[in-house]
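Please model the complete structure; the sequences and the hints are all you need to start from.
Number of protein chains: 2
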Amino acid sequence: MIVFLDGELVPEELAVVSVFDRGFLYGDGLFETMRVSGGRPFLWQEHMARLERGAAFLKIQIPFPADDLQKHAEALIQRNQLPEALLRLTLSRGTGPRGYSPRGADKPRLVMTLHPTPVTDGAHSAQWSLVTASVRLPAAEPLAQFKTCNKLAQIMARSEADAAGAQEALLLNTDGFVVEASSSNLFWITDGKVVTPPLVSGVLAGVTRAMVLELCRGLGIATQEGTIRPEALAKAEGVFLSLSSVGIAEGVSLDGRPLARSPLVPRIEKAYADVLLRNSAR
Amino acid sequence: MIVFLDGELVPEELAVVSVFDRGFLYGDGLFETMRVSGGRPFLWQEHMARLERGAAFLKIQIPFPADDLQKHAEALIQRNQLPEALLRLTLSRGTGPRGYSPRGADKPRLVMTLHPTPVTDGAHSAQWSLVTASVRLPAAEPLAQFKTCNKLAQIMARSEADAAGAQEALLLNTDGFVVEASSSNLFWITDGKVVTPPLVSGVLAGVTRAMVLELCRGLGIATQEGTIRPEALAKAEGVFLSLSSVGIAEGVSLDGRPLARSPLVPRIEKAYADVLLRNSAR
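Chains W and B, in that order, give the protein sequences. Under the working numbering, the residue at position 217 of the first sequence is numbered 239, and the numbers go up by one with no gaps. Under the working numbering, the residue at position 153 of the second sequence is numbered 175, and the numbers go up by one with no gaps.
Please keep in mind that the hints were generated in silico from the structure rather than gathered at the bench. As the structure is a prediction and not an experimental result, all values here were calculated from the model. Keep in mind that a hint or two might mislead.
For identical chains, the list gives no copy identity; a pair is met inside one copy or between any two copies.
Capping the alpha-carbon separation at 20 Å, the derived lysine to any residue pairs in SDA-like fashion look like this [unchecked claim]:
{"#": "1", "residue 1": "K129", "residue 2": "V38"}
{"#": "2", "residue 1": "K129", "residue 2": "S40"}
{"#": "3", "residue 1": "K81", "residue 2": "A185"}
{"#": "4", "residue 1": "K292", "residue 2": "S181"}
{"#": "5", "residue 1": "K129", "residue 2": "V217"}
{"#": "6", "residue 1": "K257", "residue 2": "Q149"}
{"#": "7", "residue 1": "K81", "residue 2": "T112"}
{"#": "8", "residue 1": "K81", "residue 2": "S151"}
{"#": "9", "residue 1": "K215", "residue 2": "D277"}
If you want it as structure tokens, here you go:
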């Protein structure tokens, strides 16, 4: 596997960073994971827009213009001959003096790697067992909107799903609302409407989340933002998750109890698969 | 500078980790920072005990027995001829399959690096201007007790202190209580008693925090755990912080307003400096 590292394409074994890199020391960075289909990153502009917002918030300068980066990404995909894959882009603040202050750390690093796609793709529906994780996210925390390299809460949550033989774990925020899953945004269906928690509740501004809301509008399905407690979620007309790597995954059980299945979910899945197909045929 | 990397002493420029290391990808690791005095790490056992608790919580195996690690640390100090320094130990989960699940990531990495001591040492009192940070910590989150490599909240807080020309930033938790500072534990004095937030409020289990409580008892100063809101903290009889790198730092102002100074703080500082001196003369 060839890796993009700070402007160069290098073999995997040479793709290394210093142990003094703040990404390694503190998770001081951001990342994006996107589908690659037909040799092109899917929703590249949207992922870049989120990366840029996050980088502005953390005050990390992205060391390449977005257009150059897209060309580098396409070259990486071609070089590895992986037109169907996942692309991870990592932006780290780089090395600097010891301590939390980012002062003096002004050589950010940018890495892109390719990974196999999950077995599930947009054309086949993913049906997931869910568990409620014990770890909680801080409510109303602006940092949570960005895809930062601080993912221990999500790792702990995912471990709980693994231990239960489930595919994904739902997280509550400190206000007691279910707000998202470890690597996906949460949607549920109430009175025929698709509902998802607002960004202010402390959830990641998912690129696929935004696309789902847009697709629903295109399908004439009403959407709204709202909050929900675990008891109510268990009684929803349907539950699904959105994530860049898989697209849409339907929740089929929660903590071992079956969830209701809504006919809206396959419709949204189909609409998503169509958009992905158009990207790859473009 | 020579670095300890997975059992070897290597030059700084060869001290690298893969861009696939979960420490770099997600901050999936733990660390300890301790004073080195007289060629020996100060409070080594206590730091190791916290590392072990954190590693058990995150289910990361520490790849060296604690005794071996201490010998390696002392060899590193000797090799670099830095008997007065800071030692940082980082434990990362290592590489594994893509995604948050830690399954399959079973080759943890252990790094130790040395750094210059801050100008302030235990023998001279540190007097710090403080600000209240806007970022909030999740209340009652067990993960917060451990010194994990997820430090973006602390980095953002410290940036706010930098911007205000202050030395440290205080953080509130999602319940609205001031619970700790970006890299130090918080103490205040009320009715002649030294008070600090309980670990359940979501604060780091500081090694120096535990030592301060012990020193106070030795000095006949009453201690208790308690919560405090920013308005009340501003009116305390005294405020100080504890951290391994510096020891005790007295808060002299908060958000630009002077804080009261308590005669208890220099007494505790003196007691701490004496313990550090005994370590180095041992």
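Tested hints:
Taking the closest pair of Cα atoms, K129 and V38 come within 20 Å of each other both inside a single copy (15 Å) and across two copies (16 Å). In this assembly of identical chains, K129 and S40 lie within 20 Å of each other by CA distance both inside one copy and across copies; the values are 12 Å within and 18 Å between. Only between protomers do K81 and A185 lie at most 20 Å apart by alpha-carbon distance; the minimum there is 12 Å, versus 38 Å within a single protomer. In this assembly of identical chains, K292 and S181 lie within 20 Å of each other by CA distance neither inside one copy nor across copies; the values are 30 Å within and 45 Å between.
Taking the shortest alpha-carbon separations for K129 and V217, neither the intra-copy value of 41 Å nor the inter-copy value of 41 Å comes in at or below 20 Å. Taking the closest pair of Cα atoms, K257 and Q149 come within 20 Å of each other only inside a single copy of the chain (18 Å); across copies the shortest separation is 56 Å, beyond that limit. When the C-alpha separation of K81 and T112 is checked against a cutoff of 20 Å, the pair qualifies only within one copy, where the shortest distance is 15 Å, while the shortest distance between copies is 25 Å. Taking CA atoms no more than 20 Å apart as the test, K81 paired with S151 passes in neither setting, with 38 Å inside one copy and 23 Å between copies.
Taking the shortest alpha-carbon separations for K215 and D277, neither the intra-copy value of 24 Å nor the inter-copy value of 46 Å comes in at or below 20 Å.
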